[in-house]
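Make the full structure from the sequences, and use the hints.
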Amino acid sequence: MSAKRVVTFTVNGDQVEILCEPRQSLLEVLRDDLDLTGTKEGCSNGNCGACTVIMDGRPVVSCLVLAVEAEGAELRTIEGVACGSTLDEVQAAFLEGAALQCGICTPGIIVQTEALLEENPNPTEDDVRFYLAGNLCRCTGYDKIVRAVQAAAEKRQVAASN
Amino acid sequence: MAVYSWPSREATAVIGKEYDRLDGLAKVTGAAKYTYDVNLKNQLVAVALGCPHAHCKITKLDVAAAEKTPGVVAVHIFEHAAVGSEVQWQGELLAVVAAESEAAARAGVDTIKLEFEELDVFTEDENLDAAEKAERTGKGGGKTELEREPGDDDDEDEFIEQEIARLFKASKYVVEGYYGIDAITHCCLEPHGSTVEWKDGKLVAYLSTQNVSGTDEGFARDLKLTSDDVEVKCDYIGGGFGSKFAPDYWAVAAAKISKETGRPVKFLLSRDQELKIAGNRPSGYMRVRLGADENGVLTIWDSHHWGTAGYKGGGVSQTVMPYVIRPKNYRRIATTIKSNTAQSRAWRAPNHPQACAMSQTAIDDVAAKMGANSYDVFAANLRAGNVDSQHPDAANTYLAEMARGAALIDWKANWHAHGKGKSRGSIVDGLGMALHTWGGTANNSDCRLKISPDGGVESFCGSQDLGTGTRTVIAQVLAETFGLGIRDVRVNVGSSKYPASGASGGSTTVGGVSESHRRAGQDALEKIFELAAKELGAAANSLEAVGGKVRVKGTDKAISWKKACTLLGLKPLEVTASYKRGDQSTLSSSGVCGVQMAHVEVDKETGVIKVKKFVAVQDQGLVINPKTCKSQIYGAMIMGIAAALYERRITDPKSGAFVNAELADYKLARLGDVGDLVVDLYEPESERSRGVIGNGEPPAISPKAAIANAVANALGVRVPVIPLTPKRVLDALAKA
Chain X
305 MSAKRVVTFT
315 VNGDQVEILC
325 EPRQSLLEVL
335 RDDLDLTGTK
345 EGCSNGNCGA
355 CTVIMDGRPV
365 VSCLVLAVEA
375 EGAELRTIEG
385 VACGSTLDEV
395 QAAFLEGAAL
405 QCGICTPGII
415 VQTEALLEEN
425 PNPTEDDVRF
435 YLAGNLCRCT
445 GYDKIVRAVQ
455 AAAEKRQVAA
465 SN
Chain B
348 MAVYSWPSRE
358 ATAVIGKEYD
368 RLDGLAKVTG
378 AAKYTYDVNL
388 KNQLVAVALG
398 CPHAHCKITK
408 LDVAAAEKTP
418 GVVAVHIFEH
428 AAVGSEVQWQ
438 GELLAVVAAE
448 SEAAARAGVD
458 TIKLEFEELD
468 VFTEDENLDA
478 AEKAERTGKG
488 GGKTELEREP
498 GDDDDEDEFI
508 EQEIARLFKA
518 SKYVVEGYYG
528 IDAITHCCLE
538 PHGSTVEWKD
548 GKLVAYLSTQ
558 NVSGTDEGFA
568 RDLKLTSDDV
578 EVKCDYIGGG
588 FGSKFAPDYW
598 AVAAAKISKE
608 TGRPVKFLLS
618 RDQELKIAGN
628 RPSGYMRVRL
638 GADENGVLTI
648 WDSHHWGTAG
658 YKGGGVSQTV
668 MPYVIRPKNY
678 RRIATTIKSN
688 TAQSRAWRAP
698 NHPQACAMSQ
708 TAIDDVAAKM
718 GANSYDVFAA
728 NLRAGNVDSQ
738 HPDAANTYLA
748 EMARGAALID
758 WKANWHAHGK
768 GKSRGSIVDG
778 LGMALHTWGG
788 TANNSDCRLK
798 ISPDGGVESF
808 CGSQDLGTGT
818 RTVIAQVLAE
828 TFGLGIRDVR
838 VNVGSSKYPA
848 SGASGGSTTV
858 GGVSESHRRA
868 GQDALEKIFE
878 LAAKELGAAA
888 NSLEAVGGKV
898 RVKGTDKAIS
908 WKKACTLLGL
918 KPLEVTASYK
928 RGDQSTLSSS
938 GVCGVQMAHV
948 EVDKETGVIK
958 VKKFVAVQDQ
968 GLVINPKTCK
978 SQIYGAMIMG
988 IAAALYERRI
998 TDPKSGAFVN
1008 AELADYKLAR
1018 LGDVGDLVVD
1028 LYEPESERSR
1038 GVIGNGEPPA
1048 ISPKAAIANA
1058 VANALGVRVP
1068 VIPLTPKRVL
1078 DALAKA
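Sequence order for the protein chains is X and B.
Start counting at 1 in the first sequence, then tack on 304, and there's your number in the numbering used here.
Start counting at 1 in the second sequence, then tack on 347, and there's your number in the numbering used here.
Don't take every hint at face value.
[Stated by the list, open to error] For lysine-lysine, the following BS3-like pairs were computed, each having C-alpha atoms within a straight-line distance of at most 25 angstroms: (1) K1082(B) <-> K769(B); (2) K959(B) <-> K767(B); (3) K415(B) <-> K308(X); (4) K364(B) <-> K459(X); (5) K960(B) <-> K1014(B); (6) K459(X) <-> K974(B); (7) K797(B) <-> K874(B); (8) K1014(B) <-> K951(B); (9) K388(B) <-> K308(X); (10) K546(B) <-> K606(B); (11) K1014(B) <-> K974(B); (12) K549(B) <-> K606(B).
[Unchecked claim] Each pair of labels, with its calculated beta carbon distance range: (13) R834(B) <-> E373(X): 40 to 50 angstroms; (14) D360(X) <-> A378(B): 20 to 30 angstroms; (15) P425(X) <-> A1011(B): 26 to 36 angstroms; (16) D999(B) <-> P425(X): 46 to 56 angstroms; (17) K380(B) <-> D431(X): 29 to 39 angstroms; (18) A750(B) <-> E373(X): 54 to 64 angstroms.
Source of the hints: derived by calculation from the structure; they are not laboratory data.
Beta carbons: idealized from backbone N, C-alpha and C, even for Gly.
Okay, here's the thing in structure tokens:
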């Protein structure tokens, strides 16, 4: 077993310093060491998107990122999406649009949507379907997710223009 | 005693209205703690060794090195893995290692020395001849129903053969075909498992379960406890679909290790174990011959289907064939196959999706042979009384739903005869439809209701919320009953310490919890009305609870709900209610129809199918919350698209290995794979007045047949076995 390393990064604005093994995934560290269990594990090989977090502005599947690779990074997880006690537009749109059911894929999809809207504030339906294609949902119905993403984009656009 | 009933559509303030899920806030913020998220202080993490071969005899299982692996605290060998035992499918857990971390447990598992003698393997469930040669078949039952009866002097078997031959001879159209649907797995995104701990000699199990009130008994039986010594908790669950009704031997093992080590144990299956052993749906393949008259009305059906539910045999029940459209003369026979695959579990609407996929495709081929519109052939059969459905007014309901579905998908404008549509390059489009039925009788449900003197309303029920809206529905029922808002009501589910409520399976939950909570609510309200009556100087039976007040009906004379509750004195009012299956009730009912229509595009060069539009029209009696109700249907449609086009368990015929048991290879529908989905709730007064009926199963039944029929309409060629993979499409075109 290799020696443990000290890794420092920020999660949702908080500076974190942890001791981790080089083999540990970022997902494992977030969930098991930092108790940020909102980031889910569905497959551990990058195929379901449930563990998506934003790392230095880009969405990554945290099961395929080693924790040591996050040295110096800025991370945003589902726990950092709401503004204090207020849901952000994407969360509100998913809730109001019934774009979730069992909900275990929801954090990953919301985080991926945050990345999408950051990159493309006014996505077409095709853009949404393409960008979220890596996020697997077993029980909700993707249709509602597309509508929720578009509703959130529109709400954010309106807010920005006011 | 209150007369339990629902208010009329016009009189409701909460029921029938769309509300966001009460559990939604926790889910969109990541605060919801699933079993997988439960980490207890000082817990061990368990990892299991699965059997690499599909059929073998264990000759050696040496865990000595595992026990010495750094970080490993305990190793448990399952009884069914003892030396000399025969293992019947790949993935069966043999031993489990509990350690300080998952990595340490995995390292321990890697040191286990396993030796086995390979035995004969059979997993070719589609190949009936091979199954017979391998002596893996069994009788699955059958039935013959003929309108004419044999005479006194006739030999019955001979009469049956002659009568069936006569019916075929008299048929205007005869179709012979082969249809099938492969086995799929439940593939829950949260795998099966638990985190368990012992407190003062009692077991607390955080279990990913659809059966909070029923699994304590399973633990208790295997651990030689009483149910009172076990508490099962499940606040959130990441998918079950019929596979999570029992603790399973792996959760019992976690409890044993926890007891032995005195530490909590977390044990969830890995992704490949989840697919290999934690639930699958039986396959079904059928050869059929059917005859129809000049209108496509079936006159005779003669089928033989086979498939497997696993190593014990089993398969699709013969009782549901032919599905929904059933002529008065039919013969059906089933053969079961013993396959070296894990035994199946209930999967949304057991038997129905396969029966629908096998038989309604055959019926659609009658329309194809006639050059007729499929819609007209289905309708003609319904009008002729060729219907087998659990809905009490099935034919009329199907016809009404078909008309709505046809309008939504623009059937008339988009229809063309099978294979006769215009091509756009290599792309052709087509329409297909299917019908389904389900029971959905409300499950047993008890609940306790507490009304506090400050007006607070809190309920306790040992049901579970699979994300389908159980909490929200309960809150709506209570809010409606007391004239409150749903945020004024606190709902507690998810613990076996609450009054028992049935498992969430078979579309039985919404009916059950609506029954128990409406009953408790009405009983409590009766007591509050008695107290308020004195205050208001009116008769108790002249009062109503609306808009946060207890009011004399038809007047402005009222007191607030809070004021009325202060009349309780110092102690809260506690009411329990119990609904048992079979109780006379107008609150719930059973038996639904449902129609689905698909519009697809198929690329004849690549074999790729795209669902352009997919419409579901569904009745379910009285709808408590249209938003969550529609969600169930959307979800079922997506699962249906996945099963129609992508999902299948693939095994290697030589080794029996389940070769695609992970998400990279077990293909599910993605966001880009589904088209425009339309859900239409059919709730005329004739349906609403029947009371509440669950809808988890029914919309999951038809998608496969509807999509397969749309593909056949597009191509003019039947792709016989579902899922309709590109290779199968191209093979069918090449063969045509």
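Taking the hints in turn, this is what the structure says about them:
1. K1082(B) <-> K769(B): Holds, at roughly 21 angstroms.
2. K959(B) <-> K767(B): It holds: about 18 angstroms lies between the C-alpha atoms, which stays within 25 angstroms.
3. K415(B) <-> K308(X): holds, 22 angstroms
4. K364(B) <-> K459(X): Roughly 24 angstroms between the alpha carbons, so the hint for K364(B) and K459(X) holds.
5. K960(B) <-> K1014(B): Since the Cα atoms of K960(B) and K1014(B) sit roughly 21 angstroms apart, the hinted pair holds (cutoff 25 angstroms).
6. K459(X) <-> K974(B): Given pair K459(X), K974(B) holds - Cα atoms ~21 angstroms apart, limit 25 angstroms.
7. K797(B) <-> K874(B): holds, 12 angstroms
8. K1014(B) <-> K951(B): holds, 21 angstroms
9. K388(B) <-> K308(X): Distance of about 22 angstroms is within 25 angstroms: holds.
10. K546(B) <-> K606(B): holds, 10 angstroms
11. K1014(B) <-> K974(B): violated, 28 angstroms
12. K549(B) <-> K606(B): Holds, because 10 angstroms separates the two Cα atoms, which is no more than 25 angstroms.
13. R834(B) <-> E373(X): 40 to 50 angstroms: About 44 angstroms separates the Cβ atoms of R834(B) and E373(X), which means 40 to 50 angstroms holds.
14. D360(X) <-> A378(B): 20 to 30 angstroms: About 25 angstroms separates the Cβ atoms of D360(X) and A378(B), which means 20 to 30 angstroms holds.
15. P425(X) <-> A1011(B): 26 to 36 angstroms: holds, 32 angstroms
16. D999(B) <-> P425(X): 46 to 56 angstroms: holds, 48 angstroms
17. K380(B) <-> D431(X): 29 to 39 angstroms: holds, 33 angstroms
18. A750(B) <-> E373(X): 54 to 64 angstroms: holds, 58 angstroms
Of the numbered hints stated above, the single one contradicted by the structure is hint 11.
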